[in-house]
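Novice: Here's the letter readout for the chains.
2 protein chains.
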Amino acid sequence: MIYMDNAATSFPKPDAVYSEMDKCLRTYCANPGRGSHTMSIASATTVNTTRERIAKLLKIEDSLNISFTKNATEALNIAICGSLSSGDHVITTCMEHNSVIRPLKTLEKYGGVKLTIVGADSLGRVDPQDIRKSINKRTKLIVCTLSSNVNGIIMPVEEIGKIARNNGINYLLDASQGLGSIEFDINRIHADMIAFPGHKGLLGPQGTGGLYVSPKIRMRPLMRGGTGSSSELLYQPEIMPDKLESGTLNTPGIAGLGAGVEFIQKNGIDKIRKKKDELTVRLFNGISRINNIKIFSPESAEENSGIVAFNFEGVDSSEVSYLLDKQYKIECRAGLHCAPLAHSHFKTVNSGIVRLSVGCFNTNDEVDFVIQSINLIAKGYRN
Amino acid sequence: MIYMDNAATSFPKPDAVYSEMDKCLRTYCANPGRGSHTMSIASATTVNTTRERIAKLLKIEDSLNISFTKNATEALNIAICGSLSSGDHVITTCMEHNSVIRPLKTLEKYGGVKLTIVGADSLGRVDPQDIRKSINKRTKLIVCTLSSNVNGIIMPVEEIGKIARNNGINYLLDASQGLGSIEFDINRIHADMIAFPGHKGLLGPQGTGGLYVSPKIRMRPLMRGGTGSSSELLYQPEIMPDKLESGTLNTPGIAGLGAGVEFIQKNGIDKIRKKKDELTVRLFNGISRINNIKIFSPESAEENSGIVAFNFEGVDSSEVSYLLDKQYKIECRAGLHCAPLAHSHFKTVNSGIVRLSVGCFNTNDEVDFVIQSINLIAKGYRN
Numbered sequence: 001m002i003y004m005d006n007a008a009t010s011f012p013k014p015d016a017v018y019s020e021m022d023k024c025l026r027t028y029c030a031n032p033g034r035g036s037h038t039m040s041i042a043s044a045t046t047v048n049t050t051r052e053r054i055a056k057l058l059k060i061e062d063s064l065n066i067s068f069t070k071n072a073t074e075a076l077n078i079a080i081c082g083s084l085s086s087g088d089h090v091i092t093t094c095m096e097h098n099s100v101i102r103p104l105k106t107l108e109k110y111g112g113v114k115l116t117i118v119g120a121d122s123l124g125r126v127d128p129q130d131i132r133k134s135i136n137k138r139t140k141l142i143v144c145t146l147s148s149n150v151n152g153i154i155m156p157v158e159e160i161g162k163i164a165r166n167n168g169i170n171y172l173l174d175a176s177q178g179l180g181s182i183e184f185d186i187n188r189i190h191a192d193m194i195a196f197p198g199h200k201g202l203l204g205p206q207g208t209g210g211l212y213v214s215p216k217i218r219m220r221p222l223m224r225g226g227t228g229s230s231s232e233l234l235y236q237p238e239i240m241p242d243k244l245e246s247g248t249l250n251t252p253g254i255a256g257l258g259a260g261v262e263f264i265q266k267n268g269i270d271k272i273r274k275k276k277d278e279l280t281v282r283l284f285n286g287i288s289r290i291n292n293i294k295i296f297s298p299e300s301a302e303e304n305s306g307i308v309a310f311n312f313e314g315v316d317s318s319e320v321s322y323l324l325d326k327q328y329k330i331e332c333r334a335g336l337h338c339a340p341l342a343h344s345h346f347k348t349v350n351s352g353i354v355r356l357s358v359g360c361f362n363t364n365d366e367v368d369f370v371i372q373s374i375n376l377i378a379k380g381y382r383n
Numbered sequence: 001m002i003y004m005d006n007a008a009t010s011f012p013k014p015d016a017v018y019s020e021m022d023k024c025l026r027t028y029c030a031n032p033g034r035g036s037h038t039m040s041i042a043s044a045t046t047v048n049t050t051r052e053r054i055a056k057l058l059k060i061e062d063s064l065n066i067s068f069t070k071n072a073t074e075a076l077n078i079a080i081c082g083s084l085s086s087g088d089h090v091i092t093t094c095m096e097h098n099s100v101i102r103p104l105k106t107l108e109k110y111g112g113v114k115l116t117i118v119g120a121d122s123l124g125r126v127d128p129q130d131i132r133k134s135i136n137k138r139t140k141l142i143v144c145t146l147s148s149n150v151n152g153i154i155m156p157v158e159e160i161g162k163i164a165r166n167n168g169i170n171y172l173l174d175a176s177q178g179l180g181s182i183e184f185d186i187n188r189i190h191a192d193m194i195a196f197p198g199h200k201g202l203l204g205p206q207g208t209g210g211l212y213v214s215p216k217i218r219m220r221p222l223m224r225g226g227t228g229s230s231s232e233l234l235y236q237p238e239i240m241p242d243k244l245e246s247g248t249l250n251t252p253g254i255a256g257l258g259a260g261v262e263f264i265q266k267n268g269i270d271k272i273r274k275k276k277d278e279l280t281v282r283l284f285n286g287i288s289r290i291n292n293i294k295i296f297s298p299e300s301a302e303e304n305s306g307i308v309a310f311n312f313e314g315v316d317s318s319e320v321s322y323l324l325d326k327q328y329k330i331e332c333r334a335g336l337h338c339a340p341l342a343h344s345h346f347k348t349v350n351s352g353i354v355r356l357s358v359g360c361f362n363t364n365d366e367v368d369f370v371i372q373s374i375n376l377i378a379k380g381y382r383n
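Protein sequence lines, in the order shown, are assigned to chains W and Z. With the first letter of the first sequence counted as 1, position 187 gets the number 187 in our numbering; the numbers rise by one all the way through. With the first letter of the second sequence counted as 1, position 172 gets the number 172 in our numbering; the numbers rise by one all the way through.
Since the hints were derived computationally from the structure, they do not count as laboratory data. Please read these numbers as outputs of a predicted model, since none were measured by experiment. Just to be clear, a hint being listed does not mean it is correct.
To be verified - Derived lysine to any residue pairs resembling SDA-like cross-links, with alpha carbons at most 20 Å apart:
hint, chain 1, residue 1, chain 2, residue 2
1, Z, Lys23, W, Phe361
2, Z, Lys105, Z, Thr139
3, W, Lys109, Z, Arg220
With the rest of the complex left out, here is chain W:
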């Protein structure tokens, strides 16, 4: 089996992820932050260690401003629903995932929020000036993805951050794609909120994610409940990260995420990026030589977080991914990737797109086999 669906979830994980999760589950997995017994404290220590590692990775000063969530979707919903009010205006892009678009469209329809969705060029590149020009006096929030989950294009997030900061507008970065392999410094990106999954580029398990919130933003929580702190209060406490972390955390998952982030830190983002870039370029070059193929991803590795998205003209993407899976045991994703506006933009709503997304554990041999297999499939279409 060759796994090239890393944009959906990374596979495999570093071995330490499996072993840390197993160790946590078998030896000390009590409820973190509930009770003060040895095992509960061991669980809380694991949670805090992971929180510290993520803060270090993102260059966030105070790790307590990072709350753990079950996935990036929860983080994005907290950020969007918890920071906007009726009358606010939001700017986002046509390259966003449904985890951004659906909450925003719902607030637009029912919550009195105005929404501007800026366009992109043929490769999905957003022009920061389009965002700047869309700002009005009610603009409260700019939401942008770090990189597209459809075609891998990396967004001009620093420029957008500057525009947001210069105009006193909150800036929410959806770091679902690219975190863990794109060098990241919050002091250059100026994001006020960062939503991220644990199970993609951070190499942790599913069931993990998080949200950084700048202390300047007073957020309404999405959920309320037991926090293990200020238990006497009948309302949610204001203290972070408890305010946004109601209920029992996923301790074994967070233990695994900690091991994933540690793997990245030990190996270095640069090295992981270089490896992914080489694989992506090799894949891109191999596929681009095939007749009758249309590639939607940027050729330059500098602009691409690790996706080669393509179609055979006139062929449904599901058919190609089906053949790749059944005939060649290559796992990739077809369809709309939960990003309908990007597909409207690429005019691929009907066909979808075949998306190959590499991870740091893929090999050149795997890439070559994938190219070979797509070549063979292409021949079938030419007959």
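Place chain Z on chain W using the hints.
Specialist: For chain Z alone, kept in the frame of chain W given last:
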């Protein structure tokens, strides 16, 4: 280490929970419901198998009415915030957890919802007639816990269910405590919504939980995002369980939860209940002989889901749990257990309560050692 904090999270889990999670993580953990390749389908199959097992355990006809959540708190927030509107009246009890009280108090303060909190007797028993008498023509929802997380008292959930049904009122059961060892039949309880954690009595890992919603209730989701279905829609799809399951699920966690539920089904709830009852009664009897001790839990196993809650008069609960941990390596929970109204009721807001909560893997020898240890601690207080 003797673990007696099973009301916070069960420990250990059946060995199959660890092995199923590890197998999932290492061999097939792609994104379930995203893409149609072999590994993605294997992940989706695991998710569906667990869903089916839980449906069978709760005697729910259509498993698709069960959505997975990260914990019971998320499930309770969806149920409460997604089914209530301004002008509605809700009835709940003083024995509820903050995961019920905090969302309800917030809706009362900001959402135009009226709230009635009924009292209880000295052991936390709620009289269903108090609930019936609180019903008015705006009453939309009754929320009640299956059993108290503070003292283990099992609630008259069937009688309350009948009252709800007879009055056309939605009935939300918080099954956080007791599920997995209390025989459960939705057809007798008549719950319209059931919120449950995966990591307590169901013996799954942290990071799992779920919400059953009767098809008669049209719920607003708490989060919106990618569902892997109807990806072309810019709004949340109505189909269940997708509507309430945005973002990537915790596949390895759900694999573990499936193994936990299978363990319960193979062994039988009756047998697990019997084992827990024996341990609880042994613990209760042993502790009740100690001078100067006040027990807050019901003596009868029939009324108790597996908790012996106690205090030494005039001693802070944290001190006792500290001594149990440090001197005897016994893990239990002191404090308010995120249930402040129950502690107001027991007049223990200042001292908290020492809570010993047994699990099906505790032994008689462990119980005897705990009794002995508490005896020794008691002697210290008498000097």
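Novice: Next step is simple, just say for each hint if it's right about the structure.
Specialist: Verification of the hints:
Restraint check for Lys23 (chain Z) and Phe361 (chain W): satisfied, since their Cα atoms lie roughly 19 Å apart, inside the 20 Å limit. This hinted pair checks out: Lys105 (chain Z) and Thr139 (chain Z) have alpha carbons roughly 16 Å apart, not beyond 20 Å. Note on Lys109 (chain W) and Arg220 (chain Z): the hinted pairing holds, with a Cα-Cα distance of about 14 Å set against a maximum of 20 Å.
No hint from the list above goes unmet by this structure.
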